Structure formats: structure tokens, C-alpha cells
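This is what each chain is made of:
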Amino acid sequence: MTDVAAARGTAGARVEVFGIRHHGPGSARAVRRALEEFKPDAVLIEGPPEADAIVDLAADPGMVPPVALLAYAPGEPPAPGDDAASWSDRRAAFWPFAEFSPEWQAVRYALDEGAAVRFCDLPAANQLIPPAQADDDDGGGDGGGDGEGIRLDPLGWLARAAGYEDAERWWDDVVEHRDGGPSPFPAIAEAMSELRERVAAWPSEAGPSAAGPPPPGHLVREEQREAAMRRTLRRALRDGFERVAVVCGAWHVPAILARVPAARDDRTLRGLPRAKVSMTWVPWTHGRLAERSGYGAGVRSPGWYAHLFAAPDRPVERWLTDAAAVLRREDLHVSSAHVIEAVRLAEALAALRGRPLAGLDEVTEATRAVLCEGADLPVELIRSRMVVGERLGSVPDDTPMVPLQRDLADRQRRLRLAPSADGRDLELDLRRDRDLDRSRLLHRLRLLEVDWGVPAESRGRGTFRETWTLCWRPEFDVELIEASAWGTTVAGASAARAGAMAEAAESLAELTSVAERCLLAGLGTALPGVMRALADRAALDGDVAHLMDALPALVRALRYGDVRGTGTGPLRTVVDGLVVRVCVGLPPASRGLDDDAARDLLGRLDRAHSALATLDDAAHTARWHTTLASLVDRDGLHGLLEGRLTRLLLDAGILADAPGRMARAVSAGAEPARAAAWVEGFLSEGGLVLVHDDVLLRLVDGWIAGLPAEAFTGVLPLLRRAFGEFAAAERRAIGDRVRHLSGGPSARPGDDPVDPVRAGPATATVLRILGTEAGS
Amino acid sequence: MTVPDNGTALDNGTALDNGAVPDNGTAPETAGDEVLRPHAEQQYAAELALLAEHDDRPRPPGWRLSPWAVTTYLLGGELPDGTEVSPKYIGPRRLVEVAVATLATDRALLLLGVPGTAKTWMSEHLAAAISGDSTLLVQGTAGTPEEAVRYGWNYARLLAEGPSERALVESPLMRAMRRGMVARVEELTRMPGDVQDSLITLLSEKTLPVPELNAEVQARRGFTVIATANDRDRGVNELSSALRRRFNTVVLPLPESEADEVEIVARRVAQLGRALELPEAPAGLEEIRRVVTVFRELRAGLTGDGRTKLKSPSGTLSTAEAISVVTSGLALAAHFGDGVLRAPDVAGGIVGAVLQDPASDRVVWQEYLETVVRDRPEWADFYRACREVS
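Quick note, the sequences are listed as chains A and B, same order.
Quick note on numbering: the first sequence equals residues 1 to 776 in our numbering.
Quick note on numbering: the second sequence equals residues 777 to 1166 in our numbering.
Derived by calculation from the structure, the hints in this document are not laboratory data.
None of these values were measured; they are calculated from a predicted model.
Cβ coordinates follow ideal geometry from the N, Cα and C atoms, glycine included.
Not the full set, but computed from the structure, chain A residues with beta-carbon under 8 Å of chain B:
1) S335
2) H338
3) E341
4) V370
Produce the complete structure using the sequences and hints provided.
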């Protein structure tokens, strides 16, 4: 192995450089073995040197991979309500580690054996510079995106040179699947030197992947990173370490071994822009390993790699046995004979394809052809359960955390809500204290844009029930760190955030939704401020449509308040004001409307009406009814609205003269189109009234029958719309009634005298269902 | 295929193994001239011979070619001397590899797929490449008797001599076992359940007892079975799980891309044209593409550009049907037209293929014609032709 100690001027010191593939189980095992043989007293690992201070945590039993080193720029919270700051252009970077990552194995080895661990990449402080200071587009240390050149994927070159389409499969064959045998590292270093020389001659010599030159920023960054690696190595030698191991991506090996004067590296690194950066460990997931971040290489099959690393021997047999177990758990019958044949097929396929050992491709084919008998669905099951194998790591309690994260962890423990990466459903019964607290926590997190829980539809099962889908994603830690600018506890931060949102809200509807969310989250402290803003806004907003839109959400919120025991006094005041304003504003707003506007108002009217019915406040209801009653007699009201209002008032029992009104509306003097609109409005909430009220039915029937031919054609579409919305059974019932109409008024049913003895039990049951005991 | 006067003793299975197509009554060299459709091993005899010549990889016992050469034979490729091997199956490479690897581990192979996805075609070529003989075939029908799978008797001899080896009539499967070859079972799910059951122990024990003679036939190495079955017909005689377990299953898909399908149709049409000795008529690639487009769009219920939803007809509209539409169109063009394949020549065939159910499919077809075909200016001739036929 290369001994560069002489070049560094420290007598007797030995340096070994292990070129690895990030997240490759084979190289992880090889690195572990090589380190055990070499017995270094210092291990340098590709990664941000800021992590040196917290690397000891990796030895903590509470640290379970997959985890990631997170570098973030503290301070400066994002603007409230600014959703544009997406995940990718956040100023944060990750270096993920799985159990099978060579870097992780190197860290664990060094900590177990008491060797020093240092990270040797360019400091995160230099990588996380704000975009304005960066002199190229390479802001987050994230490569150039789509236009990847050879330099960005050196393994692709070697793989293609070996005749493989896919670099991962090539690496699998050459390194990952070898167990025992000589160390692969000298050969890798050699191959990389060769490759780098060829790439240096590029682009005069067009490569097999003519993907265009790499972005210039990437070249500069690579030079800086490698200079930093060399400098760290020099420092380690100067500090007197005698056996130094360097673990880094294979591509960098020749650069680290190159004899570059220290002065030149210092010059390269001098004066780089720096950002203030904090560093910590965060839990990571297998799914996220597949993405490019920090260590560029993503893996598509982390579950398979974890298996390769963990299985002591016979990986194919073990994998297929596990797959059979997964299928059996889903009640698919898979026998041992199946597994045997699947192993045989996988091995035959590997031989046919000239591979030393069956890989994931062969195993998947065998699973499909034998275990799943050609069906694709179970194969997909195996893929999600095993090939990706969603898994969430964890970090020990004494990991550096912002107070907000700590507060959340504390709450999670107290409420017994452990984060996990698979989306599972949670049913909450808000009548129980713990469930109520859980619900509040999830709602508060949502205010901080940490959508750990997403509410699922569970309407119609009572307001005291909530259904959530819980799925923890690694980026939530970043959200929490950013949100920590709002406060140090979840409650405090979300209250502050809600206040800011209320101040920035532009419409009444936005404000009401903030208010609703505050109530859901049980943020009593934030509510007064939000309510004040709401009251101010409602007073200034002249558009009655906005006011009507705001009403249902607020009434709903009032009802939540009852269930959740939140003080709703201020909200009540706002609702009171709102109802009065709506009642005053409605008459002018309903004048001179065309068809579309009338239809819009009809919807609002219905929603406001049902909101007020929910509110069940006698004074408000009376005011509302008076308003409607005054409206209905107004001239020039749109037919649709007049019909609807008549119906609402009829249902409310304060309109005695419904048949007379209908007769007037549909009489020959009225224009047929308006009459039809009236009928539509009148019937827009179901046609049962026609089944039960012969007089009205007779009026409608008579009107339709009396229409002149051309007018009938004109109103037919409108009628069709009105009747088309009824349920089929309702339509049939109406049809039946119409048939019997010809028999005259005597055919009217329902005049049988009620038999109180027979009705008694039924009445009692109904009363019990309604919650009023017959006796009380 | 039964040979009444079968003079072969039970133990000398090799006695018959003296030609590419034994028991055929026709010498192989004349077959190409007289039979309607020569077997794969006859039609591609030259390719198979060349492959065998260049094949230096290990061959499983009883195989004529190594698994690698079989794969090359099916998927096409170039031999070291530069000879081009024509592709027989155009589709995912992995399917062929799984099929070959299955047979190499002496497992039985079940090819599943909707009608017209080249199941039979693939099984014939696999058998031809592996055993050099694709004729050991059981054609499954609702009336297939157990004798077709096991063995029968020549009753005249049975009455005259009593049970004897000479009175025994072998089934294709028995012959394949005895000679260590690939037997084929077509339309497995159409066979009655009890006949299917007789395959179960045959496939696991690889032996066929003949209790009447107190003897048995043990399969020689190289024996295996390729069965084909139809996805849509699964309900007919559902395979028992015991039988299912003895097969490795490969599902053959419909062609993935339009380019693939055009290639398949064009290639097969050219081959069929030669075999049927149609007068030479250039199979206009444009016309083939149009047929394939119509089939694909109707099958998917969506136009090629993904803009318009369509109803799908009741038929499967497989690639095999597209091939037959173009072939019959070619015959029309050659005999009655001007020798060039044109829209009117294929229109009749397409309409016939689409209208399987006269009531519902007619609506589907009319809609397609009026909403899609009509709006394509370059398809005006096709539209007119279709209007005339339908």
C-alpha cells in the first residue's frame, strides 16, 4: 500500500487511504476488515470537520442508524407564511449514515478502539454560504443537477468500461459481493488514478457518456474539498499520529495521495466565504438514503444493502426466506419448496448473466416467477417492505438540540407518541385528556409547518373523534430548527407563529382559518390577538359575501371549543358582530343579481343558514328570519332566491302563506323562466315537501300542465335541473303522488286518527335516541 | 401424433431419436416445401446449426445448446463469425432469461398472458432450441383425455396379445421423458381438472408408472415441460395450487412501445409472406404503423397523444391479430389491388378484428372512427376506406 509518510516529513508515520463507495455494504465490510488489520491511531473521514465535536455520540447505545449529520445556519427565521422556502433551497446540508455505510463503520471502529476521529472535508461553514456570496450556482454543496459529467459519476465510467449498464451492479459484482479475498483498496486507488488522468484529458477525448462538461462551480468546489482533505491529513501527521487511515469516496483517493505543496492548498482555501453553522445529529430514514444530499451517491435499495451487510452468510437464501415470511404474513401461501426453487432459479439466472452471485435483480425475478407465481402485486409488496424497508433511526437524548426539539421530544415521551417513518393511522377520542393533548400537539406542529400528522376525513362520527395519519420525515428536524426562532416550546412557538400569521393575513377568510386553527391547537394565549384582528377586519370589510364565508368556519370553531374545553368568549363576541353585519348587509347585496350571482348567493345563503342553525342562538335565529322575511317580499328579487327563501321560511314555520306564494310565482302572469327558477330554488333541498304537501304539488302540477308548448320547451332544462337532483326514490314517490292526484282531494292520506297506544313505544324510543327520556 | 404400430421397446428410448422431426412421416428437407407452416427447428435449422457450432459454453444434460446460446437464439444477436441471428421474441430480455434459467434448473415453465402475446411462439422456439424438436406437443382442449398426457393402448393389439409394450401408445410427454426432451402443453387451463392432475406427480417425481406392465418410464435428464395458459381464461379450469407450485411462472406482456409492436408485426408479416408464398408486395411500413396505432389506441382506451379517452372493444386486439390483419391485407393487395398495401386492404381486416361483439363493439368503432380517425388529415384515405366497409 502506498506510504506517503516520507513525503509528509514525519518519520515512521504510515498513511493508508481507503477509497469507498458511499453506502456500499461490501466496502463497509472491507473497510472494517482493513481497519482491524491496519490498527490506525487516527481515522480521517470524508465529512464536515464541524462534526468532530459531536462524533462521540455515535458510540452511544441510543444512536441507531440510519442517522445523519445535519449542518444548518442558525438564526433568521423565514418570513411568516412564506411557503416558497422549499426543502431543497434550505440552507442546510446532510451527511446520512446507514449501518452499512463505510463511513459509519469507520466511525464505530475508531470509537470502539479509542482511535481519534476527524472529519476531513471542506468545513460546512464554507459550503453553506448564502447564495448571494457564492460565486457560482453551487450553493448547497449539491452537485450540478441533471447535467452530470463523468467527473460526477466516475464509477459509471469504470462500469461501462467493464461492460455494465448500471454502475451499481458493477460495483456489486466487483466489490460488494466479495467476501474474504485480498483487500480491494489498492486496485480501486489504481483504477481511480487511471480514470482521473483520462478525465484530465477531457473534453478533448469524448467519453462514453457525452453528458457535457461538469458545471465549473463543481470543479472549483472539488479542488477546495480535496485541498481541505490534504490539509487535515497534514495536521494529523503534525499532531503526532503514527498510523493514519483516511476513509473517503473512491474518486478522491489519488488527490489525497498526490504530492501537493502545503502552501498551495493553503492558498486554495484562503479567504473562502464563511457562514455561521451549527451541527447536530438527526434521525434519518432508509427512504431518504435514496436521495442525493451531502454524500452524493444515493442508493435505490437500502433494505437489500442492509440485508447484505447484516446477513452473516447465504444472503440469497436468507433474503428469499424472509420474502416468503412477508408473503405468508399477508396470507399468501408460500411453501419451503417454493423458496428452494426460487433460490435455484436466482442462482441459474446469475450464472446465465455471468454474475458471481445472485443480485437484487435475479432475486426479484425469482421472487416474481416462483414465490409470487407471476403476479406483480406481491412483488410490489416485497419491494416496499424489504427492498426499501422503511426504517427510522434515532439519536441519543444528549444530542445537541434546539430547545424546541427538546420540548417536542419531551412531549412525545409524555404523550406516548413515538415518531416512525411508516404512515400509520391514529384515532383520537377528544373526550380523553391524553388524546386531546395529542391532538393539540399535532395541530400546534401543523401551525409550525411540521406536518407530522395529517388529519384524515372522519366526519359524521361525532365531533369528539379525530383521525390522523402520522409519518415522521427527517426534514421535520430542519423545520423545527427554523421554527425555534418563534419560541422555545411547541406551544409558545406556535402561538407566536399564529399571531404573526393573523397580522399578515389579507382576507377575512384567512383570518378565520387562523382562528380556527388556534382553537384546534388549544392556543388560548394567541386567541385574543387573533380575535381582535378578526373583529377589526370584519368591521372594515364591506363585502357581505366575505362575512358570510367567514361565518361557517367560526361557528364550527365555536363548536370545537365546546368539545375541547377551550375558552371561546372572544370568539363568541366576533360571531355576534358578524351575524348582525350579515343581516344588515344581506338585503342590499341581493338586489339586481344575474343568474350566476344569484346561484353564488344561494350557496352562501344555505351555508350561513345551516351555520346559524348549528349555532342555535335564539336571538340570532330570530334576527336572521326577520331579515329573510323582509327579503322575500322585495320586488325584483331573483326567482331562485325568492323560491329558496320561501322554502327556508316555510321550513322554519314562520310563513303561513306558502301555497299562495307559489301560486303567484308560477301563475300565468309570471315569466316562465322566472317561475322555473323559483321552483328550482324552492325545491333545491329535496322534493319531500311535494310528497307530503298535496296543495303545493297540485300547484306545480297545474303550472306545468298549463304551460304553452314553447314556454314548456324553455323551462324544461331548468325543471330538469331542479328535479334531477332528487334521489331516485324521492322522484318515484313524487311520481306516485302525481298519479293519484287525479282522484281529487279525497285521496289525500294521513288523516287516519293516531292510535296513542300503538304509537307510545315508538315515541319513547325516539325520545331516548334524542337523549330526552320520556319521563323527564 | 399417435403411431398405432409402435414397435419401440420401453427401454430403448434412443431408437427413435434419429432425425430432427421423428415420426413425422415427412422427411425434413421436403417439409419446407409442402407443409403450410414448417416447425421452428426446420425453419431456423441453419441458425441453430451455426449457434451449436459456435457454442463453447457448458450445456446442461440433454440440451442441444447452452443456455446462453438459447437466449441468443430467442433474442437475436451476432455470432463470432459475423452471422446475424434473427430475434424470435421482441420484448424484455429478463423474461427470456428467467424462462431459460427455469428450464435449465429442470423446473417446468408456465407462460401466462392474454391471447396473442407470443406464448405458443416462445414455447415452440424454446423447445426447438433446447431439444431440437418442438413437436412433442399436447394441445389442451376441454376434451383432452388422460391418454394424451400419460399413455394409451392400441386396442387391436391389446385384445390380441394382452398388455404388452408393443400395445402401448405413448403420449408426447412420455416420449419426451424417455428421450430427455422438452414437452409442450398448450392451453393448460382448457384441459379438464383431472387431466391436469395427472401432471402433478409426473412433474415432481419425473417418472410415469405403467402398472399394467409392472414397469415405469423414468425421465432422462433434459426432460421438462413448457405449458402455456391464458390469463383471461383462468376461470375455465383454474390450476390447482399443487400444479401451480410445480411451475415457475412468466407473464408475457403486451408490447411496451409502439416501435416494438411495429417491429414485431413487420417482421412476422415478412416471414409469413414468405411461408405462404404470397406475391411480393412491399408491406408499407406506414400502413403497418397505422394498424398498430389503431390497435394500441383501442386497447389502451386512450389516443397516442394521451388527450382523448376512448372506449375499448371487447376483443383483446393482440399483436397476433394485427399480424393477421396485415397479412390478409397483403394478400388482398397482391391479388386484387395494385400490389401495394393500401388503406382499403387493411380496413376490412381491422373492422373484423374490432367488431367481435356486433352490438357494443360497433358503437366503440364508430366513435373511434368519427372522433379520432376523422380528425387526422393524413388518415383521410383510411377513414374513407373504413366508412365503406362499416
